[in-house]
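Residue numbers (the UniProt record's numbering): 1 to 637.
Fair warning: there could be bad hints in the mix.
[Claimed, not checked] Dumping the calculated BS3-like pairs for lysine-lysine here, alpha-carbon to alpha-carbon at most 25 Å:
#, residue 1, residue 2
1, Lys265, Lys60
2, Lys592, Lys245
3, Lys245, Lys588
4, Lys431, Lys463
If you're looking for bench data, these hints aren't it; they were derived computationally from the structure.
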Amino acid sequence: MSYSKKYIESIQNKEQFWEDQANALSWYTKPKTILGKDKYGYPQWFVDGKLNVSYLCIDKHIEDGHGDQDAIIYDSPVTKTKEHISFYKLHQEVSKLAGGLQALGLSKGDTVIIYMPMIPQALYAMLACARLGVIHSVVFGGFAPHELAIRIDDCKPKAIITASNGIEIERIIPYKPFVDEAIALAENKPEHVIVYDRNLGVEIPSKTYDIDYADLVSKSVSIEPIPVESNHPLYILYTSGTTGKPKGIIRDSGGYATALKFSMKHVYGVDEGDVYWAASDVGWVVGHSYIVYGPLLNRNTTVVFEGKPIKTPDASTFWRVISEHKVKVMFTAPTAIRAIKKEDPNGELIKKYDLASLKYQFLAGERCDVSTLRWTEQHLNVPVIDHWWQTESGWPMLANMVGIERLPVKPGSATLPVCGYDIQILNDNGKKVADDVEGFVAVKLPLPPGCLLNLWENPERFKNGYLNRFPGYYFSGDGGYKDEDGYVFITGRVDDIINVAGHRLSTAEMEEVVASHEAVAECAVFGVHCDLKGQKPLGLVVLKSGNSSNSQTISKEIIKDVRHEIGAVASLKDVLVVKRLPKTRSGKILRKLLRNISDDLEYNVPSTIDDVTIISEIEHVYKQNQIGIHKNIINHE
1 MSYSKKYIES IQNKEQFWED QANALSWYTK PKTILGKDKY GYPQWFVDGK
51 LNVSYLCIDK HIEDGHGDQD AIIYDSPVTK TKEHISFYKL HQEVSKLAGG
101 LQALGLSKGD TVIIYMPMIP QALYAMLACA RLGVIHSVVF GGFAPHELAI
151 RIDDCKPKAI ITASNGIEIE RIIPYKPFVD EAIALAENKP EHVIVYDRNL
201 GVEIPSKTYD IDYADLVSKS VSIEPIPVES NHPLYILYTS GTTGKPKGII
251 RDSGGYATAL KFSMKHVYGV DEGDVYWAAS DVGWVVGHSY IVYGPLLNRN
301 TTVVFEGKPI KTPDASTFWR VISEHKVKVM FTAPTAIRAI KKEDPNGELI
351 KKYDLASLKY QFLAGERCDV STLRWTEQHL NVPVIDHWWQ TESGWPMLAN
401 MVGIERLPVK PGSATLPVCG YDIQILNDNG KKVADDVEGF VAVKLPLPPG
451 CLLNLWENPE RFKNGYLNRF PGYYFSGDGG YKDEDGYVFI TGRVDDIINV
501 AGHRLSTAEM EEVVASHEAV AECAVFGVHC DLKGQKPLGL VVLKSGNSSN
551 SQTISKEIIK DVRHEIGAVA SLKDVLVVKR LPKTRSGKIL RKLLRNISDD
601 LEYNVPSTID DVTIISEIEH VYKQNQIGIH KNIINHE
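Turn these sequences into a full structure, and let the hints steer you where they fit.
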């Protein structure tokens, strides 16, 4: 079946379409009500079905005779460790940890925070919680105690599962002191802290609530999965909110499992037994969906990588992993490719490895500029698929669905809506706009299975944030447009549209031009205050390694390029060269933070920032170039 036929079927005959996909799973009780509503009138999928996601990820494959297959390949260049973990081994570790949690008094409906590095035990913990119907909330390992305390108070965990430490490039981050400080700050105190000692010589401060992970598992008995309702929460995942208080996205069990299983085959084009690698972290939605649950549901071997795209040990590490483990499909963020490109602009390191196993390279997490897309295509010589989705959706919303039909690529577009997503571009009044007219990206309700159920204990914030702006639609918060072929172009968050002397301009469009300059490794363009025009764009660029050109010359060339491509109306007159850009740990450039620093505003330093020391570097560059700054920083961790 072609993409268009499959997509139309998913929109016009939703219930039958998703019932067919749900039948690909083994349910304890098959759902009879395919689409219903909750008490708030929000759509719910498969509400009367019962299943267990841990069973589907592990036990089902063993029952089908695949227990010897690798479930996980753990590859850690930072510890020089590799481990192949079969479904048999995964079953043993997960079922015994679940038995230990049960012995501590945890049961269906309780919550647990998992604060772990990228090690197999993080996956064991997630799957053990799912086995019991315990709702897990993974918090990115290394988050500051204040931020961890906020999440403790919001989801009130009975236990925290953590490790002795994480490892960044050339430094060890002790986790246990952060956990202890967070518990001291929090009003709600967990009963237990389960600590996995990595035996790397890190001192673990002892508290009365501590339980040794290895000791707990060794004394436990394996337990069977517990059937849960389809809309029973599998996890809570916190995403940043505009109020400073994180939003706890609730993900269901049955709809999520159905959507992920569908996506592995139809979006990513992988078959059972293939090796799949999402180079992300379990602390993010990509890690939940495509390191843990999606691949394991589809009986893929998932790669758990503890390292960075560069400096572990160099910019060849991604290509080594693909070659060594015969990865068929890889998924990473454009920023990772840009980091590699900066270190190895001519792709010389790629030539060292046999990448014959690689069929597709997927990119997501932020907008993919054309130069990054083209560089990746040129050097990997495989289709490079840009796709778009959000923490809230849990799985792709726009993609080139290569498992159905690979369509032509249009650089700058994440291609067409994924089956089930009725994506529309609306104006301020909620009316559909014409082709090539930019507006608000919204999805007509009901969202397909797998998307957020609600916000944890905050249904009003859920409605105000996502549903009330355009009644009958989910509002994505992004701007974009469709072309005459229906291809969707995401131009960025709606607050990335700037108003220059009455002209509404997209900073994403300017970034596209800036990024195309041969000397630029990565960049950010954003609006700053201007007394004359209200706003004006400011560009920050990081240059490629080994570039010998004068930075002033490069800035002038970029300004000329933008004027030529977009016109004088863009008013881009300031392009500053910086050593690096502030990013989240998942690789997103913090444009709003850059804008707020420049505009003399009070600002929060996001808890997700990768390295807080970069702020002083940016302030110094702003000072040198007489761009206003303000020292009143809130929550500067």
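Which hints, by number, does the structure contradict?
-> none
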